[in-house]
Every structure is written in C-alpha cells, then in structure tokens.
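Undergrad: Chains as they are written, first to last, in this note's numbering: chain A, 7 to 453; chain B, 7 to 453.
Derived from the structure by calculation, the hints contain no laboratory data.
Any given hint could be a false lead.
The list treats identical chains as one, so a pair stands whether inside a single copy or across any two.
[Stated by the list, open to error] Simulated crosslink set (SDA-like; lysine to any residue; CA at most 25 Å straight-line):
no.: 1; residue 1: Lys256; residue 2: Ala154
no.: 2; residue 1: Lys337; residue 2: Gly436
no.: 3; residue 1: Lys337; residue 2: Thr386
no.: 4; residue 1: Lys189; residue 2: Asp39
no.: 5; residue 1: Lys189; residue 2: Ala154
no.: 6; residue 1: Lys256; residue 2: Leu292
no.: 7; residue 1: Lys256; residue 2: Arg233
no.: 8; residue 1: Lys256; residue 2: Thr10
no.: 9; residue 1: Lys337; residue 2: Pro440
no.: 10; residue 1: Lys189; residue 2: Leu327
no.: 11; residue 1: Lys337; residue 2: Leu245
no.: 12; residue 1: Lys256; residue 2: Asp186
no.: 13; residue 1: Lys256; residue 2: Glu144
no.: 14; residue 1: Lys189; residue 2: Thr244
no.: 15; residue 1: Lys337; residue 2: Phe370
no.: 16; residue 1: Lys256; residue 2: Phe200
no.: 17; residue 1: Lys179; residue 2: Val298
no.: 18; residue 1: Lys189; residue 2: Arg348
no.: 19; residue 1: Lys189; residue 2: Gln243
no.: 20; residue 1: Lys179; residue 2: Leu292
no.: 21; residue 1: Lys179; residue 2: Pro30
no.: 22; residue 1: Lys179; residue 2: Asp39
no.: 23; residue 1: Lys189; residue 2: Glu387
no.: 24; residue 1: Lys179; residue 2: Thr341
no.: 25; residue 1: Lys337; residue 2: Asn442
no.: 26; residue 1: Lys337; residue 2: Ala246
no.: 27; residue 1: Lys179; residue 2: Arg355
no.: 28; residue 1: Lys337; residue 2: Pro212
no.: 29; residue 1: Lys189; residue 2: His93
2 protein chains.
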Amino acid sequence: MTRTLHLNAFLMNTGHHEASWRLPESDPHAHVDLAHYVRLARIAERGTFDSLFLADGPQLWSNLAQRPAGALEPLTLLTALATATEHIGLIATASTSYNSPYNLARRFASLDIVSGGRAGWNIVTTAGAEAARNFGLEAEPAHAERYARAAEFLEVALKLWDSWEDDAVVADKAAGVWGDDSKIHPPRHRGTYFSVAGALNVPRIPQGYPLLVQAGSSDDGRAFAARYAEAVFTAQQTLADAQAFYRDLKARTLRAGRDPEHVKVLPGIVPVLGSTEAEARAAERLLEDHIVYDHGVARLESLLQLPAGTLELDGPLPADLPPESAVEGAKSRYTLVVELARRERLTVRQLIGRLGGGRGHLTFAGTPEQVAGQIGTWFTEGAADGFNIMPAVLPSGLEAFVEHVVPILRRRGLFRTEYGARRTLRERYGLPRPANQYLTPASVRSA
Amino acid sequence: MTRTLHLNAFLMNTGHHEASWRLPESDPHAHVDLAHYVRLARIAERGTFDSLFLADGPQLWSNLAQRPAGALEPLTLLTALATATEHIGLIATASTSYNSPYNLARRFASLDIVSGGRAGWNIVTTAGAEAARNFGLEAEPAHAERYARAAEFLEVALKLWDSWEDDAVVADKAAGVWGDDSKIHPPRHRGTYFSVAGALNVPRIPQGYPLLVQAGSSDDGRAFAARYAEAVFTAQQTLADAQAFYRDLKARTLRAGRDPEHVKVLPGIVPVLGSTEAEARAAERLLEDHIVYDHGVARLESLLQLPAGTLELDGPLPADLPPESAVEGAKSRYTLVVELARRERLTVRQLIGRLGGGRGHLTFAGTPEQVAGQIGTWFTEGAADGFNIMPAVLPSGLEAFVEHVVPILRRRGLFRTEYGARRTLRERYGLPRPANQYLTPASVRSA
Chain A
7 MTRTLHLNAF LMNTGHHEAS WRLPESDPHA HVDLAHYVRL ARIAERGTFD
57 SLFLADGPQL WSNLAQRPAG ALEPLTLLTA LATATEHIGL IATASTSYNS
107 PYNLARRFAS LDIVSGGRAG WNIVTTAGAE AARNFGLEAE PAHAERYARA
157 AEFLEVALKL WDSWEDDAVV ADKAAGVWGD DSKIHPPRHR GTYFSVAGAL
207 NVPRIPQGYP LLVQAGSSDD GRAFAARYAE AVFTAQQTLA DAQAFYRDLK
257 ARTLRAGRDP EHVKVLPGIV PVLGSTEAEA RAAERLLEDH IVYDHGVARL
307 ESLLQLPAGT LELDGPLPAD LPPESAVEGA KSRYTLVVEL ARRERLTVRQ
357 LIGRLGGGRG HLTFAGTPEQ VAGQIGTWFT EGAADGFNIM PAVLPSGLEA
407 FVEHVVPILR RRGLFRTEYG ARRTLRERYG LPRPANQYLT PASVRSA
Chain B
7 MTRTLHLNAF LMNTGHHEAS WRLPESDPHA HVDLAHYVRL ARIAERGTFD
57 SLFLADGPQL WSNLAQRPAG ALEPLTLLTA LATATEHIGL IATASTSYNS
107 PYNLARRFAS LDIVSGGRAG WNIVTTAGAE AARNFGLEAE PAHAERYARA
157 AEFLEVALKL WDSWEDDAVV ADKAAGVWGD DSKIHPPRHR GTYFSVAGAL
207 NVPRIPQGYP LLVQAGSSDD GRAFAARYAE AVFTAQQTLA DAQAFYRDLK
257 ARTLRAGRDP EHVKVLPGIV PVLGSTEAEA RAAERLLEDH IVYDHGVARL
307 ESLLQLPAGT LELDGPLPAD LPPESAVEGA KSRYTLVVEL ARRERLTVRQ
357 LIGRLGGGRG HLTFAGTPEQ VAGQIGTWFT EGAADGFNIM PAVLPSGLEA
407 FVEHVVPILR RRGLFRTEYG ARRTLRERYG LPRPANQYLT PASVRSA
C-alpha cells in the first residue's frame with residue numbers, strides 16, 4: 007500500500023492567529039459556541055481529515071483584554087461533536103498532572119464508545135503555576151516529576167482499559183449470569199503517585215485504548231512519546247529541523263522496543279491561503295495589522311521568564327537568556343522561539359508577528375499549490391507522516407484548505423479521496439488494536 | 007399559578023428491577039448503548055418530563071455474574087443526549103469525594119452551555135471502600151468528613167461559577183479589547199480540603215449554576231440539602247414517612263435561610279403497570295421469578311454489614327442489628343431496609359423481592375389510574391413536589407408510564423401538557439437564576 011498523509015484539524019476558537027477574533031468575519035463568542043465547532047468538524051469531515059483536535063489547560067489564560075479566553079471542556083465538546091459527525095477522529099487534550107487515572111480513563115472510554123471508536127487523548131503534563139494553583143499546589147511540579155507522574159498515569163490507564171476482557175459479558179439470560187468475573191482484571195496498582203485497586207466500570211472499548219497522542223518535544227517529552235505515543239504533534243520551523251526531529255523520534259521509538267511505523271509524526275502548519283502569492287501575503291499582513299503589540303510583549307516576557315518591561319519592541323532579544331535546562335515551563339517551545347529569533351535576526355516586533363500566527367508553529371502564506379507543495383516535500387523527504395493543520399482564521403481558513411489544498415493532495419495521490427467504510431481512529435492512522443496486557447505474554451507485550 | 011408536579015426519569019440500564027435484564031425484551035448490552043439512552047430520553051421528552059437523571063459511582067459494582075455492571079460516564083452520556091433532545095433537563099451524578107472542584111465545575115458549566123441551560127448535578131459523597139481504593143485511599147473517609155468536604159467543594163464550585171460576571175466579554179474589535187478583566191473574580195480559595203486560586207476558564211453559564219440536586223437522607227445529608235439542594239431525591243415507603251421527610255426538609259431549608267419553595271422534594275417510585283390490577287401483579291411476579299436469590303442474600307449481607315452466610319433465606323432479619331449511627335456506609339438506606347423488613351415482618355426472601363424492584367424505593371404495581379392516584383395523593387397531601395420515576399423495565403416501563411399515566415395526570419391538571427418555550431432546567435423547576443455572589447451584598451446573598 008502506498009504511504010499516504012494523515013491530516014489533523016487543530017480547532018481553536020476563531021483561529022490560530024491571535025488577532026483572528028478582530029476580523030469582521032469572526033464571532034467573538036465562538037469560544038463557547040457548539041454550533042461553531044459543529045460547523046468546523048463538518049468542514050474537516052468533508053475534507054476527509056483523519057481527526058480533529060482540541061488543546062486545553064485547566065486555567066484561565068490571562069488576560070481577557072487581549073484575546074478570547076476560556077473554552078468548553080474538550081471531552082464534553084468532543085462528545086457533542088461525536089453525535090454531529092460519523093468518521094472523523096476526536097482528540098482531546100487532558101492533563102496527567104491534574105486528573106486522576108480512574109476518572110480520566112473512564113471518560114476517554116466513554117467517548118470511545120459513544121463515538122464508535124474515534125477517541126484520542128493528547129497526553130499533557132501541563133506547564134505553569136496558574137494551573138497548579140487551581141489544584142491545591144503552590145507552584146508547578148518540576149518538569150521531570152510531571153513526566154514521571156505522566157508515565158505512571160499511563161501505566162494505570164492502560165491497566166484500566168484492559169481490566170475487562172473483550173468477551174467479559176456473557177449475557178446468559180436463562181442461567182441468570184450476566185458477566186464472567188474471571189475475565190475482569192482489577193489493576194491492584196500501588197505506585198509512587200497512584201494507588202488504584204479496582205477494574206474500570208466501563209467494558210473494553212472499540213479501540214482497546216484511545217489513540218495516544220503527545221506533543222512535548224523536550225527530552226523528557228520525546229522519551230515519553232517513544233514509549234507511549236502513537237501520534238506526535240510538533241512545532242518545527244525548518245525542513246532540516248523537522249527531519250532531525252522525525253529521525254530522532256523514530257529511532258527512540260525503535261530503541262523503546264516499538265515499531266517506528268506505530269508513531270506518526272505530525273508537524274503543525276499555519277496555512278494562510280490566497281489565490282496568488284501576493285493575495286496570501288496581504289491576508290497575512292491584514293492579520294499582523296490587527297495584533298496589539300503591547301500584549302505580545304507581555305506574553306513573550308512571560309514565556310522567556312523575564313521581568314515585565316525588559317523587552318524593547320524594536321530591539322533584539324537579550325543575548326544572555328538562560329539555557330533551556332534552566333527553564334521549568336514549556337521547554338521545547340522556549341528554545342524554538344529563541345532560536346527562531348536568533349536564526350532570522352528578528353526584532354521583538356517581528357518575532358511577535360511571527361508567533362502571532364501559530365505560537366511557534368510554521369506559518370506558510372501562499373497559494374494552494376505552494377502549500378500543497380510544501381506539505382508534499384516534508385512528507386516525502388522524511389520530515390512528517392502528516393500534518394497538524396492550524397488555520398489562522400476559523401472557519402474560513404479550514405474551508406479554504408479543504409476546498410483548495412485537499413483536492414491537490416488527492417490528485418497527487420498523497421491523501422484519501424473518501425473515508426470508505428467506518429473505521430476506528432487508530433485504524434485510520436494505520437495502527438493496530440492493542441492486545442489486552444492480561445492476555446498477552448510479557449515478551450510479546452513489549453514488542 | 008396552580009402548583010403542578012415535577013417528574014424526573016431515573017434512567018438505568020434495562021430498568022430498576024435487578025432482574026430486568028433477563029426478560030426477553032431486554033438488551034443485556036444496553037448499559038453502554040448510546041442508542042438505548044437516546045430512545046429513553048426521547049420517550050421522557052415526549053412525556054414532557056422536567057428532567058432525566060443518571061446515578062453513578064466511580065467503581066465497578068461487584069459482581070458481574072449477578073447483573074449488568076458498568077456504565078458510560080454520566081456527563082459524557084448526558085452531553086450526547088443533549089444533542090438528541092431539546093427541552094428535557096439532564097442531571098448527572100458526580101462525587102465530591104473523588105473529583106476536584108475546578109475540573110468538575112468546568113464540566114458542568116460545559117454541559118450547561120452545550121445543552122442551552124439544562125444541566126443538573128446530583129451531588130454525592132460516594133459511600134464505600136471500593137471507590138476509595140480507586141483513588142489512593144485505603145478506606146472510605148468517615149461519613150461526617152465526606153460531608154464536610156462536600157460543603158467546601160460546593161462553596162468552591164459556586165465561586166468558580168460566579169468567577170465571570172455575565173457581561174465579562176466586551177468583544178470590542180475596533181479597540182482590540184476582548185474581555186473586561188475587572189469582571190473576572192478569581193476565587194483565591196484556601197480551605198481545609200481545597201485551594202483554588204484562579205477563575206474558571208468557562209464564562210458564566212445560562213443557569214448561573216447547574217440545578218443542584220441531592221439524594222442523601224441521613225442527618226448530614228438533610229443538613230446539606232437544606233443548605234444547597236434545589237431538588238432532592240428520596241426513598242420513602244409510606245405516605246406518613248414521606249410527609250415527615252417533606253416537612254422536615256422544608257423546615258430545615260427555612261432555618262438555613264432559604265425559601266422552602268426553592269427545594270423540590272421528589273420521592274422515588276417504581277411503577278409496575280398493567281391494564282388491570284391482576285395484570286400488574288403478574289408483571290411484578292414475572293420479575294420476582296427472575297431474581298437469583300443467592301445474589302440477593304449476598305448483597306443484603308453487604309448492606310447490613312454482616313458476615314457472609316449470616317442470613318437465612320426463609321428466616322427474618324437478625325434482631326440484634328446495630329443502630330444507624332454505627333454504620334459508615336449509606337446510612338438512611340440501611341435504616342429504610344431494616345424498618346421495611348420489621349414493619350412488614352418480611353422474611354429475607356420477601357425482603358429481597360421487595361428490594362429487587364427499586365432498592366428501597368416504593369414499588370407500586372397497579373393500573374395507570376391507581377398509579378396516577380397514588381402520585382396525586384402524595385403530591386396533594388404534603389409528601390412530594392414531584393416524583394423520581396424509576397421504571398422496573400426500560401424502555402417499556404417508561405413508555406407505558408408516558409402513554410398511560412402522564413395523560414391522566416394532565417387531565418387532572420397536575421402536570422404540564424407541553425413544554426412551551428425553551429426554558430432552562432431551573433426555570434422548569436420554578437427556581438430563580440442565582441445572582442452572582444461577587445455582585446450581591448452578603449445580606450441578600452443568604453436570603
């Protein structure tokens with residue numbers, strides 16, 4: 007079978023450009039409007055996307071003046087979208103630092119059942135003190151500790167999803183026997199972060215496990231991805247960087263004892279489309295003109311962990327920024343932003359303009375042919391198994407991508423022309439249904 | 007306005023009778039079938055019910071052989087049902103012992119938005135060691151401690167739901183100002199059980215708060231209900247008991263500084279319908295004939311906290327059972343069961359037969375006229391503001407109630423004939439939208 011692209015639609019509010027909400031076409035109340043998201047999901051499904059995705063964090067991003075804040079809780083929203091769609095995968099972000107495994111495993115299991123096997127979990131450890139302070143902590147746990155907890159969380163969740171064998175329900179009405187208790191496997195887990203004794207109160211789900219997605223690109227993040235992730239979202243600015251990340255992650259996956267084909271790498275791309283290059287650039291400029299730069303400076307200072315008032319809008323970044331290892335927040339994003347500014351010798355103003363579009367993801371303004379060409383190049387040159395499509399403006403940017411870029415990818419044989427039969431999300435991504443760990447010898451289990 | 011009944015449909019699997027799954031008409035996989043629940047919700051909506059309700063606990067009820075176990079997580083299922091219905095309220099059970107206020111407040115807020123103001127929360131503290139052991143505890147917290155945590159949980163949740171003023175979103179595109187940060191009120195809560203600093207990341211919801219429901223009838227439970235609940239589910243076996251409970255709860259609500267009209271009391275009733283009395287009794291016997299009594303004995307021993315093998319099927323309950331105060335589990339249920347057995351001098355077998363129908367709720371087998379008559383009597387004689395309808399078999403029992411009992415209640419002017427305009431769940435129950443605590447003087451707040 008020819009290798010084909012996977013496309014994920016990253017849905018966020020009125021779009022990934024921070025100024026998108028200010029455009030005349032945008033609804034500033036879209037952040038909590040189910041109808042808006044139903045419309046987006048249906049556009050993505052018309053474009054035969056593999057999946058759609060919602061980012062999340064359990065805190066209110068300050069400050070409200072700058073741009074839309076708050077969102078429907080992702081698993082809730084995706085459940086509603088499950089009933090409005092038929093084929094597309096539904097990937098929700100949820101934190102291993104601020105949830106308990108029993109509740110979260112059950113919620114993903116429930117979404118998987120309700121959607122007929124279309125649930126995916128973007129596993130995050132949640133950086134930032136704001137979130138920590140909403141859950142009884144004074145400060146965020148250290149980076150390494152967050153990842154240690156995440157790994158144990160995953161182990162428990164996998165046990166819970168395997169705690170019913172597929173055929174545990176006997177349903178023998180005549181004998182009065184509903185289930186076979188010998189096919190229930192309580193985790194009886196006692197670990198560093200969690201103790202979970204009992205079996206899940208949901209049967210084994212269509213996919214076995216939801217599709218496991220990960221997006222941290224730090225060293226801890228990559229190690230975690232190599233061990234557990236089946237799809238990885240990543241921010242890469244150049245083909246060479248993307249190739250290096252791709253090679254590294256596939257090699258790590260192999261070393262972790264897994265098939266490198268079983269982790270799909272999807273860099274983010276913010277397409278800004280125009281029927282000519284000049285039109286696309288004009289669309290990009292229009293968005294940049296709507297950026298409120300004071301806000302951008304404040305956010306950049308926060309990301310770089312600098313005191314307020316340090317940065318000058320028309321100057322460069324300070325030369326003496328600390329190394330990534332000294333940063334406790336979103337490590338790989340920190341490095342990406344600093345390297346972007348240095349590589350391209352950007353002023354703070356220019357950097358904010360570049361980040362405004364996709365927060366570190368690759369923004370690409372061009373014609374549909376150019377965007378399809380870039381996608382094709384990265385895909386064929388070992389930089390990507392697919393893409394995380396992050397339209398600058400929603401719904402119009404997604405609509406334009408589906409109307410104009412997808413047909414080119416299809417003509418070139420790079421992307422499916424139809425969904426065909428109903429499939430689970432993991433089948434769509436070419437991944438096997440995991441065997442139940444309680445039925446599989448340990449030697450096979452780690453293969 | 008004439009006082010009219012409120013009706014809630016308590017949906018559970020193939021029905022509230024423990025043997026319902028064994029009937030030829032029942033689907034033993036209904037427990038995780040969205041289509042089954044969509045069908046039930048639409049029947050209830052056809053019957054212009056105020057709301058539907060899902061019970062829950064974060065553990066797998068042992069043991070599987072006896073009867074269907076496991077269920078879709080209630081907020082997930084209700085979100086899916088929200089998209090399949092238009093008017094009916096959606097009440098989910100969720101535990102204050104095994105959730106964090108930030109996450110749970112957000113999920114109810116999200117359901118309220120997605121459903122257009124139809125979310126309700128049945129607040130439970132979750133008895134039992136099984137649940138505790140799924141969340142890192144060795145044993146269940148003491149009854150009083152569970153309620154102390156529940157009260158603080160509520161205080162935090164109310165702060166979170168009030169943390170956005172209704173008009174916090176300004177949406178001034180020209181000025182580039184999306185929200186007004188002065189209208190955001192971070193809880194900054196530091197208490198015994200919880201510390202929650204930041205505002206919720208969802209705007210204030212259509213209902214202000216979801217409808218707050220409670221079902222514990224112990225002394226702690228009633229005190230909690232008097233302080234917070236807007237609807238109370240309760241199990242009462244006789245008119246006199248139900249009247250005493252009703253009077254007590256309304257008096258406590260008044261003493262707590264609230265309007266007794268603002269808490270609606272809904273006893274549970276398990277109607278078993280037949281077109282004649284004899285037919286109804288035959289339907290009831292058919293269900294009893296499907297009970298597996300060994301299972302019932304084991305469950306009864308567990309509820310009464312007796313060693314296995316203590317009870318004899320054709321003997322009475324032991325005379326020397328401990329008082330309710332010595333019991334750590336579901337206190338009011340314990341007393342109800344013991345009193346039922348003693349009042350009616352039931353053998354263990356007979357008691358199991360009675361409990362099999364509704365686990366302590368009033369089972370009433372009769373014609374539609376008789377069931378409607380019983381409902382009318384309790385409603386007019388100060389025992390109920392409405393009923394929690396718990397069909398023995400689902401969907402057929404709900405269908406029969408809607409087809410045959412609801413029309414009688416309507417003809418007698420006791421129940422609505424149509425929904426009319428779209429309303430929120432709390433409007434449906436005749437309750438006001440709560441004022442935002444950050445905008446209201448304290449003296450008004452407690453009134």
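Undergrad: Now tell me, hint by hint, if it's right for this structure.
TA: Evaluated hints:
1. With identical chains, the CA atoms of lysine 256 and alanine 154 are at most 25 Å apart within one copy only, with a shortest distance of 22 Å there and 51 Å across copies.
2. For the identical chains of this complex, lysine 337 and glycine 436 are neighbours neither inside a copy (30 Å) nor across copies (52 Å), given an alpha-carbon limit of 25 Å.
3. When the C-alpha separation of lysine 337 and threonine 386 is checked against a cutoff of 25 Å, the pair qualifies neither within a copy, at 29 Å, nor between copies, at 66 Å.
4. Taking identical chains as interchangeable, the C-alpha atoms of lysine 189 and aspartate 39 lie at most 25 Å apart only when they sit on different chains, with a minimum of 21 Å there against 43 Å within one chain.
5. Taking the shortest alpha-carbon separations for lysine 189 and alanine 154, neither the intra-copy value of 30 Å nor the inter-copy value of 38 Å comes in at or below 25 Å.
6. Taking identical chains as interchangeable, the C-alpha atoms of lysine 256 and leucine 292 are never at most 25 Å apart, the minima being 39 Å within one chain and 61 Å between chains.
7. In the homo-oligomer, the alpha carbons of lysine 256 and arginine 233 lie at most 25 Å apart inside one protomer (11 Å), although the nearest pairing across protomers, at 57 Å, exceeds that limit.
8. In this homomeric assembly, lysine 256 and threonine 10 come within 25 Å of each other (Cα to Cα) only inside a single copy, at 18 Å, whereas the closest approach across copies is 66 Å.
9. When the C-alpha separation of lysine 337 and proline 440 is checked against a cutoff of 25 Å, the pair qualifies neither within a copy, at 31 Å, nor between copies, at 43 Å.
10. In this assembly of identical chains, lysine 189 and leucine 327 lie within 25 Å of each other by CA distance neither inside one copy nor across copies; the values are 56 Å within and 36 Å between.
11. Only within a single protomer do lysine 337 and leucine 245 lie at most 25 Å apart by alpha-carbon distance; the minimum there is 21 Å, versus 65 Å between protomers.
12. Taking CA atoms no more than 25 Å apart as the test, lysine 256 paired with aspartate 186 passes in neither setting, with 41 Å inside one copy and 46 Å between copies.
13. In this homomeric assembly, lysine 256 and glutamate 144 never come within 25 Å of each other (Cα to Cα): the closest approach is 37 Å inside a single copy and 42 Å across copies.
14. For the homomeric pair lysine 189 and threonine 244, neither the shortest alpha-carbon distance inside one copy (50 Å) nor that between copies (42 Å) is at most 25 Å.
15. Proximity of lysine 337 to phenylalanine 370 under the C-alpha cut-off of 25 Å is restricted to the intra-copy arrangement: shortest distance 24 Å within a copy versus 64 Å between copies.
16. Taking the closest pair of Cα atoms, lysine 256 and phenylalanine 200 never come within 25 Å of each other, the shortest separation being 30 Å inside a single copy and 42 Å across copies.
17. In this assembly of identical chains, lysine 179 and valine 298 lie within 25 Å of each other by CA distance solely across copies; the values are 11 Å between and 67 Å within a copy.
18. When the C-alpha separation of lysine 189 and arginine 348 is checked against a cutoff of 25 Å, the pair qualifies neither within a copy, at 58 Å, nor between copies, at 39 Å.
19. Taking the shortest alpha-carbon separations for lysine 189 and glutamine 243, neither the intra-copy value of 49 Å nor the inter-copy value of 38 Å comes in at or below 25 Å.
20. With identical chains, the CA atoms of lysine 179 and leucine 292 are at most 25 Å apart between copies only, with a shortest distance of 14 Å across copies and 67 Å within one.
21. For the homomeric pair lysine 179 and proline 30, the shortest alpha-carbon distance between copies (8 Å) is at most 25 Å, but the shortest distance inside one copy (61 Å) is not.
22. Proximity of lysine 179 to aspartate 39 under the C-alpha cut-off of 25 Å is restricted to the inter-copy arrangement: shortest distance 18 Å between copies versus 45 Å within a copy.
23. Within a single copy, lysine 189 and glutamate 387 get their C-alpha atoms no closer than 47 Å, and across copies no closer than 51 Å, so neither meets the 25 Å cut-off.
24. Taking the closest pair of Cα atoms, lysine 179 and threonine 341 never come within 25 Å of each other, the shortest separation being 62 Å inside a single copy and 33 Å across copies.
25. When the C-alpha separation of lysine 337 and asparagine 442 is checked against a cutoff of 25 Å, the pair qualifies neither within a copy, at 35 Å, nor between copies, at 39 Å.
26. For the homomeric pair lysine 337 and alanine 246, the shortest alpha-carbon distance inside one copy (20 Å) is at most 25 Å, but the shortest distance between copies (66 Å) is not.
27. With identical chains, the CA atoms of lysine 179 and arginine 355 are at most 25 Å apart between copies only, with a shortest distance of 21 Å across copies and 71 Å within one.
28. Proximity of lysine 337 and proline 212 under a CA criterion of 25 Å is satisfied in neither setting, with 35 Å inside one chain copy and 39 Å between copies.
29. For the identical chains of this complex, lysine 189 and histidine 93 are neighbours neither inside a copy (31 Å) nor across copies (41 Å), given an alpha-carbon limit of 25 Å.
Of the numbered hints given earlier, the model fails hints 2, 3, 5, 6, 9, 10, 12, 13, 14, 16, 18, 19, 23, 24, 25, 28 and 29; all others are met.
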